[in-house]
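Build out the structure end to end from the sequences listed, making use of the hints.
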Amino acid sequence: MTVSQVSFGTHEAVLEVKDLTVKYVGDTRSTTAVDRVSFSIGTGEIFGLAGESGCGKSTIANSLMRLLKHPARISGGSIRFGGKDVLAMSPEELRRFRWQDVAMVFQSAMNSLNPVLTIGEQITDIYTTHAGYSRKESLRRAGELLELVRINPVRLKSYPHQLSGGMRQRAVIAMAVALKPSLLILDEPTTALDVVVQQEIMAQIKELQHELGFSVLFITHDMSLMVELSHRMAVMYGGRIVETAKAADIHTNPQHPYTQALMGAFPPLTGPRVPLTGLPDGVKFRNIPDLAEVSPGHYVAPFGAELLETGALEGATR
Amino acid sequence: MSSTMTGAAAPAAGVEAGPALEIRGLSKTFPIGGLFSRKAVRALHDVDLSLGRGEIVALVGESGSGKSTLARCVARLEKPSAGEILLDGVDVLKRDRFQASREYRSQLQMVFQDPFGSLNPAHRIEHFLRRSLAIHGKAGTAAAAQARLEELMATVGLQPDMLNSYPHELSGGQRQRVAIARALAVEPQVILADEPTSMLDVSVRIGILNLMRKLRDEQGISMLYITHDLASARYLADRTAVMFAGELVEEGESLDLLANPAHPYTQLLVSAVPDPARAGSYDPVRRAELRAAVMSPASCAFDGDPEQPCSAEHPVRHRVGAPENRHWVRCHLYRPAAGSAGHALAEAKVS
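Those protein sequences? They're chains A and B, same order as listed.
Taking the working numbering, the leading residue of the first sequence gets 1, the next gets one more, and so forth.
Taking the working numbering, the leading residue of the second sequence gets 1001, the next gets one more, and so forth.
Check each hint, because a few of them may be wrong.
What the hints assert, rightly or not - Label-pair restraints from in silico Cβ distances: (1) 1122(B) x 287(A): 48 to 58 Å; (2) 1122(B) x 26(A): 38 to 48 Å; (3) 192(A) x 1103(B): 32 to 42 Å; (4) 1123(B) x 24(A): 27 to 37 Å; (5) 88(A) x 1288(B): 41 to 51 Å; (6) 275(A) x 1088(B): 42 to 52 Å; (7) 94(A) x 1123(B): 44 to 54 Å; (8) 1285(B) x 115(A): 32 to 42 Å; (9) 100(A) x 1124(B): 50 to 60 Å; (10) 289(A) x 1159(B): 21 to 31 Å; (11) 1124(B) x 53(A): 21 to 31 Å; (12) 1159(B) x 91(A): 51 to 61 Å; (13) 1124(B) x 287(A): 50 to 60 Å.
Unchecked claim - Partial pick of chain A residues on the chain B-facing surface, computed with a CB cut under 7 Å: (14) 52; (15) 225; (16) 257; (17) 261; (18) 265.
Derived from the structure by calculation, the hints contain no laboratory data.
The beta-carbon is built from N, C-alpha and C at its ideal position, and this holds for glycine as well.
So, in structure tokens, the structure goes:
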């Protein structure tokens, strides 16, 4: 049973990932970072991918963009974007696919701006390279783009170090949507930012999404943030998806013990103080089975005592 | 600073009745610019904070608010420009003028943010704990030391056989437990925890918070918990103090403070925490109002009142709600040092 049939609403899937498997191949042994993962994202849908460091969520993002480098290797499965097979694209097709069809904002992307070029030069670069506009036209559009994320266009002449962290992050997001992609991948877009700025950036993304209608793949470990923003989400553990459902369902009724532990890691801001329990140190889930539907649209990997491992030391990697 | 608030700081009758740790008027400025520059940046200004016996106090604020500078000053890694740090009623800045004495270290221990950097990878877990015992003269006989090591491991919820492991064999949460065990080895009265969970995987964070609460409940250790995460402060701490631009702007019982934030900056922080249970999460108009309120100069209602004089130079702590909540706000019409406040909030400035 795969989850690729689960699409939000009735609209068509923009992205379909089926049984994706990614391995990091070494000389003596190889590690499976992503193991038979399937999901789909509908038009205009915000899909969240939650999980801890090392669970494979960034590897998925990088494989969608075909950015994986040796020793990582996609060893199975398919990625289809708008009917096209992403894994079969030629370098020239890929060049157009990236940024025009799918754009990505990396973790601490604000530090990925070139420090010796002004913001304006970096944005006009996108238009001259990918869209073939003249310099003057590109500059006009770059100004509009900054206005879209509420940055004064005079900032086109600024260098990245003259902007605050939040402004830089917004500039990067503006650059990502410059060519009106149909899918935006956000890999921990606000991790390095303070909470007040984080909320403003997220509100901005929501607004842009409303205006431009793109789909979003949103990757984070902050469950509260994810539930607030996403329509539908999946929780990853050890390279596998352990639960996927509408975000509201996962918030009110998490089924898998790992999902429950993740939700429990974020104490509520209201109500009485109730003791919470996280995942005990050393507890591991092994051989996670395929997902099974527990209620309409809510899929959970079966779990039981036999799939739990409580060996404290054995297998601890970090 | 003179506080007009009643019923908060209980007068210290004897040493035992007083707070475990008391910070009075602590200030720290860092010089900036060249050798002959007279410019300075104000990281802490006139901070008063007390930590009762067996009490957990959270210090929250954004990055750059000065909370880590406060931690570094209390840990004696940084020399404060002015103020007093009283441990058990003794001003340690006067007693040990230049650096922390061993006595101070045996009373106050730190747990740092990064358990991957704070444990030497070349040594076994046993080494860290044994060394703590030896330095502070708590080792005793070999058998007693070994029993103590195993007891410490059990206290923090680790298997005794893990004493023979190296740090790389442990998960982040387990390493942080070792760091806590190392702090406990010297039997401190106060533990200073600077973002102890922010580097850990989210699913084990709550376990560390539960451990800290357990240590307080069972051993009566006072803790200063420094964090940017309001939700965890509410979960763990009895009282929460909010720091903004180097000053404490509000303080109170955690539940009361987060339910009824009085200072616009606290309101700003609380409203920004993602909370799936909250409806209508983001209101840009309200946000702009709060920002403006934090920045606006105005006169206080208590201006000209001889009983409660309040002015920009000497802002008053006003009580919020019932006295038992111990909730006060630094006069919210007062701007905490216009320059630094603007720096902390204004988007246009360089971060």
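Hints and how they fare:
Checking the proposed 48 to 58 Å range against residue 1122(B) and residue 287(A) shows it is violated: the Cβ atoms sit about 36 Å from each other. The beta-carbon spacing between residue 1122(B) and residue 26(A), approximately 25 Å, falls outside the hinted interval of 38 to 48 Å. Residue 192(A) and residue 1103(B) have their C-beta atoms about 39 Å apart, which keeps the hinted 32 to 42 Å range intact. Look at residue 1123(B) against residue 24(A): about 30 Å separates their beta carbons, and that is inside 27 to 37 Å.
Range check, residue 88(A) to residue 1288(B): about 49 Å between beta-carbon atoms, so the 41 to 51 Å window is met. A hinted range of 42 to 52 Å is violated for the C-beta pair residue 275(A) and residue 1088(B), which are about 31 Å apart. Residue 94(A) and residue 1123(B) have their C-beta atoms about 48 Å apart, which keeps the hinted 44 to 54 Å range intact. Between residue 1285(B) and residue 115(A) the C-beta distance comes to about 35 Å, which sits within the given range of 32 to 42 Å.
Distance hint check for residue 100(A) and residue 1124(B): the Cβ-Cβ separation is about 54 Å, which falls inside the suggested range of 50 to 60 Å. The given range of 21 to 31 Å is respected by residue 289(A) and residue 1159(B), whose C-beta atoms sit roughly 29 Å from each other. For residue 1124(B) paired with residue 53(A), a C-beta distance near 25 Å keeps the hint of 21 to 31 Å intact. For the pair residue 1159(B) and residue 91(A), the supplied restraint of 51 to 61 Å holds, since their beta-carbon distance comes to about 52 Å.
Under the hint 50 to 60 Å, the C-beta atoms of residue 1124(B) and residue 287(A), about 32 Å apart, miss the expected range. Hint status for residue 52(A): holds, given a least beta-carbon distance of 4 Å to chain B, under 7 Å. Look at residue 225(A): its Cβ gets to within about 4 Å of chain B, closer than 7 Å, so that hint holds up. A least Cβ separation of about 10 Å between residue 257(A) and chain B goes past the 7 Å threshold, and the interface hint is therefore violated.
Proximity of residue 261(A) to chain B holds as hinted, the smallest CB-CB distance being about 4 Å (cut-off 7 Å). Because the smallest distance between the Cβ of residue 265(A) and any Cβ of chain B comes to about 4 Å, under 7 Å, the interface hint for this residue holds.
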